[in-house]
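Trainee: The residues making up each chain are set out below.
Protein chains: 2
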Amino acid sequence: MSRAIQLAKKAIGKTCPNPVVGAVIVKDGEIIGEGYHRKVGLSHAEAEAIKSVKDKTKLLGSTMYVTLEPCNHYGRTPPCTLAILNSGINRVVVALEDPNPRSSHGIDVLKQKGIETKIGVLEKEARELNEVFITNIDKKRPFYALKAAMTLNGLIAVRGGNSQWITGEKARLHAHFLRSNYTAVLVGINTVHMDDPLLTCRLKGKTRQPFRIILDTFLKISLSSKIFSIYPRKILIACGKEADSDKQRKMRAMSAKIIKCKAKDGRIDLHDLSQKLFSLNICSVLIEGGSLVHGSFVKEGLVDKCFLFYGPILCGSHGAFNAIGCDAPNSLSQAPRLTDIKCRMFGEDILVEGKPCSAG
Amino acid sequence: MSRAIQLAKKAIGKTCPNPVVGAVIVKDGEIIGEGYHRKVGLSHAEAEAIKSVKDKTKLLGSTMYVTLEPCNHYGRTPPCTLAILNSGINRVVVALEDPNPRSSHGIDVLKQKGIETKIGVLEKEARELNEVFITNIDKKRPFYALKAAMTLNGLIAVRGGNSQWITGEKARLHAHFLRSNYTAVLVGINTVHMDDPLLTCRLKGKTRQPFRIILDTFLKISLSSKIFSIYPRKILIACGKEADSDKQRKMRAMSAKIIKCKAKDGRIDLHDLSQKLFSLNICSVLIEGGSLVHGSFVKEGLVDKCFLFYGPILCGSHGAFNAIGCDAPNSLSQAPRLTDIKCRMFGEDILVEGKPCSAG
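Protein chains in written order, with numbering that gives the first Met the number 0: chain F, 0 to 359; chain W, 0 to 359.
Okay, chain F solo, but in the shape it has when bound:
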């Protein structure tokens, strides 16, 4: 099952709106076949694993380990239950029950047909593997990960907004790797004004680029922003309904997509935005600042995961920008807590990962 999870991981960020799935076929203690779901529209992990076994007679009496309950419906591909039943496999071990009601009951069908089944092996790992898919199904909105690079006392920029660079090269490289795992990255208009970022994934050999979402209630973005210089079709600008329609036309002419949202007090309604992004098949979003954008997502309880990078800097906070720009609670008991804290180092930088307790 560890191997199946390892295989599934290869496709993180590529299967949206499908889950990532890996499958391994074992006979007499040896792996005879394996596969994973590479991309939406391509065949499922189970079919891939079966296909990988050259000598089909070996499949008789073999066991399949699969990270997610096999589907039992005709969609883009035929049901996996059928492929398994036709293969000769006589035992199926599943990590995680399919949280999607539309495709579930695959395991029941296999059982009825006399296949020995087991469910729940490495379930926690499999759940983590499909945190995006599970959030999509459960909450009917994109999975939101908050990413910030800050000083050791939580500042993402000093006076005047200077934030380059708080962290070193290794940490920034990992941040690009994170971009490659998400359908979209998101920033506020202030970040565009201050940093003029490209927001692309600049890892060697990576070809899939994330969508770039900009929260810009009043459509203040400059047409000469660097972001327009590359992949203009992958730009989504969320603005209020009152935003200048002439500017909207200009943006569209540059191939950017305009998402008109409800707004309040000059800020985009994030729940409304969520629905609109989800209907556009944006399954996961990496929120990359700035302070007020992070604050809004935290305030609305819309953070599912955090990637907090710390550079080895400790400096005065007066006049600087804190990672979370919204009102502090009146007591610590009201403060949002994280769990599943993980900590690793990139040179002298630290990455802390965690999940809000209310999430997932």
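Treat the hints with caution; some may be incorrect.
If chains are identical, the list can't say which one is meant, so a pair holds when it fits in one copy or spans any two.
DSBU-like, lysine-lysine: derived pairs with alpha carbons at most 35 Å apart [said to hold, decoys possible]:
1. K263 with K57
2. K123 with K341
3. K341 with K169
Bear in mind the hints are in silico, worked out from the structure with no lab data behind them.
Since the structure of chain F is already known, use the hints to place chain W on it.
Mentor: Frame of chain F, contents of chain W only:
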């Protein structure tokens, strides 16, 4: 030498104003004796190690490993060089040259008398072991360590000052262990007003209590503060020269010591305070907040080490207290950087240790 360092560590915080020193005597690949300097006034590590060897004939032709260059002067105890020369030891391996000019040249004396010597083994570790002593000698002031417990975005208290508790029990226990390693702990008057702390070391079996220093320019401390309820002779209150002399008398009557310092803009001059603390044999100070006190020490470049605890909380910053309450720099290149970053976890809390690049 590792064993010698291990022995020396037992006395951290107890030997002030002396260094901590450990010594091990080896003959034919076996440890035949060991000792460390336990407390100021008691015998040195070298003498302790020699004393620990019951059969003195074994000392002939043996090697001593000692973490610091043996002294060569008569102080509270006779010179260690003499003890070595009289013992029969014929080889001395030293980790760190003595940074104190008054007691140095011990190694030269040994060499002249025909003892084989070597210097620099595990020097980095030995330097760290005596970071307090080295700072005392080099800078002629106490060693300052900044300790803060904060949220993951650098807040030490939310609205209204609530800070109990950001970190969990294991982290707080470690903070008490840190107190036991320092001559004194230091807080500002706002922390006394908000938290009314005891500032004692509440580890079982620990008897030595740190001095408690309060920065209180205008002597606003309440006579009913909990801090007066225990070890009143271990309270030092730093106030400005204009502070109410009647209140000063009352404080003294309660056994607290008043340190009158220069003050500017309502804040104690930390360089003046440093001189006064040092003359009182306060070798090391653990700075425990709050925000403005940390900010002042950072601004004055008076931080030698940081212990930054993070509780798994991510909350809004507006109206909250940042760990470092002083003006932010205008650019990141002017921001104080830390080095030697170490990271460990206490349950779901994180402790990051580091040293300002300019320090030691």
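Trainee: With 35 Å as the alpha-carbon cut-off, assign the pair K123 and K341 to within, between, both or neither.
Mentor: both (15 Å within a copy, 29 Å between copies)
Trainee: When no copy is named, should K263 and K57 be tagged within, between, both, or neither for a Cα gap of at most 35 Å?
Mentor: neither (63 Å within a copy, 85 Å between copies)
Trainee: First find the shortest C-alpha distance between K341 and K169 inside one copy, then the shortest across copies, and answer within, between, both or neither for a cut-off of 35 Å.
Mentor: Both, since 18 Å and 17 Å are each at most 35 Å.
Hint 1 from the earlier list is the only one contradicted by this structure; the remaining hints agree with it.
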